[in-house]
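Peer 1: If you want the building blocks of each chain, they are given just below.
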Amino acid sequence: MSDTLIYATEVFINGLMAGVLYALVALGFVLIYKASGIFNYAQGVMALFAALTLVGIMDGQVPFSHLINAIFGTDIHHFGWHLPAVLAIILTMGVMILLAWAVNHFIMRHLVNQEPIILFMATIGLAYFMEGFGDLMWGADIKKLDVGLPMGLNTWIDDTTYNAFGYGFFIDNLDIVATIVAALLVAVLVAFSQYTKQGRAMRAVADDHQAALSVGVSLNFIWVMVWSVAGFVALVAGIMWGAKSGVQFSLSLIALKALPVLMLGGFTSIPGAIVGGLIIGVGEKLFEFFVGPMLGGATENWFAYVLALIFLVFRPQGLFGEKIIERV
Amino acid sequence: MKMKLISAAVAAIVAGAPAMADLTFTSLSYRTGPYAANGIPFADGYADYFTLLNERDGGIGGEKVNLIECETGYNTEKGVECYESTKGSGALVYQPLSTGITYQLIPKATADGIPVHSMGYGRTSAKNGEVFNGIFNYPANYWDGASVAIKYLLSENGDNLSGKKVALVYHNSAYGKEPIRTLEELSKKHGFELSLLPVDHPGQEQKSQWLQIRRDKPDYVLMWGWGVMNQVAIQEAVNIRYPMENFIGIWWSGSENDVLPAGDGANGYKALTFHNTGSDFPLFADIAKYVKDAGKAAGAGDQIGTALYNRGLYAAMLAAEAAKTAQAMHSTAALTPAQMRDGMENLEITEEKMTALGLPGFGPSFKVSCQNHGGDGLTAVVQWDAGAKKWNKITDFIAPDADVLGPLVAADAEAYAKEANITPGCK
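So the sequence lines, in the order shown, correspond to chains A and B. Note that the working numbering has the first sequence beginning at 1482, numbered continuously upward. Note that the working numbering has the second sequence beginning at 3, numbered continuously upward.
These aren't lab readings, by the way, just hints derived from the structure by calculation. Where hints are given, some of them may not hold.
[Said to hold, decoys possible] Reference excerpt, derived from the structure (chain A facing chain B, CB under 10 Å, subset only): (1) Phe-1545; (2) His-1591; (3) Ala-1603; (4) Ile-1605; (5) Gly-1606; (6) Lys-1624; (7) Asp-1640.
[What the hints assert, rightly or not] What the simulated footprint calls covered on chain B by chain A, stretch by stretch (three residues with Cβ under 8 Å from a Cβ of chain A suffice, anywhere in the stretch; the number is not a length): (8) 29-38; (9) 71-82; (10) 213-223.
No residue lacks a Cβ here, since even glycine has one placed at the ideal position from N, Cα and C.
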């Protein structure tokens, strides 16, 4: 094998891994859009909020401590405990369910049957509110997230490829974990939506709100459930991305990485989010490897959108999106 | 009745406004948004120093300091709005804390006669005071940083970098591209091979760049990053097992925020700085007594002594010293922006002065002049000790290569003078 081919293979595999991480973010968008027709602008902030809450609970940080100290003149910051990661994840999930209930109770149920643009704007407001709320609750400092996930070079792959090609491939252990988690997540979500009563109700609501209501499906319950599941996906995405960079407010910008994935994979397909993520990940990495040096580099951000636009031109509903035919 | 209401309104406005004799300083800060973690400590340090002067000394030269803080969110448009909304308050100097905002303010503030101090950022050629009369970037700029990084590498390699490979990982923005021209000149002079690796904003995904570094195996990696780009780059360097002692960041890639998320892996990482870190200086006892313990700290008081807090404090100290210089020059305690500019242009920082301020060895000695608004560019190298969670200064303050930088500054300033129709000269 030539050196270029070996390097390109390494880039290809890393592109697949990066694509999985993009897909994890895109999945949250798909779930909410599929069930309610809402493009949830707040999905990136939900990932940030979930990660902030997880670190806060794990480290025993007192929520709103700056506010409490400013009002009461106290100096409390920590409860003095350090919880195991699994327990903290469960408690964080509880917070995300509470958040889902609040979003539905205070915002979404008042906006039933409104235009999609109104719902979209509501999620913009929600995003900025949650960002400020997260800041007030947990502070703006960068937090180290350590839930025990392996990180860094996978030595087995490095050694094996070195013995085979004379060059050891770099694959990040965290990316391997992310791939396994994403595969499990998709399998569970697909099984949930296909084989459970709640999943079928969710699909019914997605197809037609009023028809679902007429057969006794509770719209409120379904929306709380969907926002909770999206909150769980946001937590998973927050853990994976937060482990790479620490938990900080720029984590909300990972939503930018999900947009081309959604354009390509479609807004309504869970497998579409995964396949879209893989295509975007591989496409941008290979383009950067082969063409980037000729263009001065830093092509990945814009090339992902170019790639998505090309797909969009030929297949507007995305690779796996449902084709909408309106009869008049 | 109407007259009473008007009188009451006027009285309320007068009571709410700062006394006209106050010395007004502005802080264009960012305590919210993606870069808040870096903006907060700087803004805290800047505010706490002025609070200390008010509480301990009764202000500067008997005049209380009135600090106006305006939130920019590190957004250039908001920064310009902040400038426009605060310039009428009698602001003596602006510290924009953003290269993008600085570029926008250069023509505006120059026209308004209000000086700008872009400390360690902004337009490098503002060092030429004959072209940029009201813009100051002492004590060091990006080109100084690039030159000192190479000088440090020369010292590590027996003054010979010939055949060595140096990679620059940079934020793909005006800020990140600043050192390229200098590094290209230095690569010609010293014979090292320079490779450029841009990272798009915000920099959360850098796999391509670090795979390339792993393939190319550069001897050294320099970084001009900001925000999340720094943390991801350091983590990726740890992941590919790049030797951290060969990885050097500019001062904006050298805060505790940048290294702590990578844990022990970041041990040995180096960064440039133009001031010291930590709180082991006599001044910090006063900060504790008059500011933190008195409940007057700008933030929670948990950032004191960090790299960015100290930078904000240092910026405020330089502003206060320039104000003192202006007061002495013009024999008045109440200053105008024009007088403040004079004070900045005649500022001289000596070790004796720093010791008297309670900051011995904290920053370099330098002197500002009409021709030189950038100081001497003295920059040191610090190294991260992950075990002790602190930066250690491992070199003295090193002077940059004036032979290379002088012509570059002159050429860029000349180009700006032509573009802005400025006749260079001293005021």
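Peer 1: The structure should be examined with respect to each hint, and the outcome stated for every one.
Peer 2: Verification of the supplied hints:
no.: 1; hint: Phe-1545; in the structure: violated, 13 Å
no.: 2; hint: His-1591; in the structure: violated, 28 Å
no.: 3; hint: Ala-1603; in the structure: violated, 21 Å
no.: 4; hint: Ile-1605; in the structure: violated, 15 Å
no.: 5; hint: Gly-1606; in the structure: violated, 16 Å
no.: 6; hint: Lys-1624; in the structure: holds, 8 Å
no.: 7; hint: Asp-1640; in the structure: violated, 14 Å
no.: 8; hint: 29-38; in the structure: holds (count 6)
no.: 9; hint: 71-82; in the structure: violated (count 0)
no.: 10; hint: 213-223; in the structure: holds (count 3)
Comparing the model with each earlier hint shows violations of hints 1, 2, 3, 4, 5, 7 and 9; every other hint is respected.
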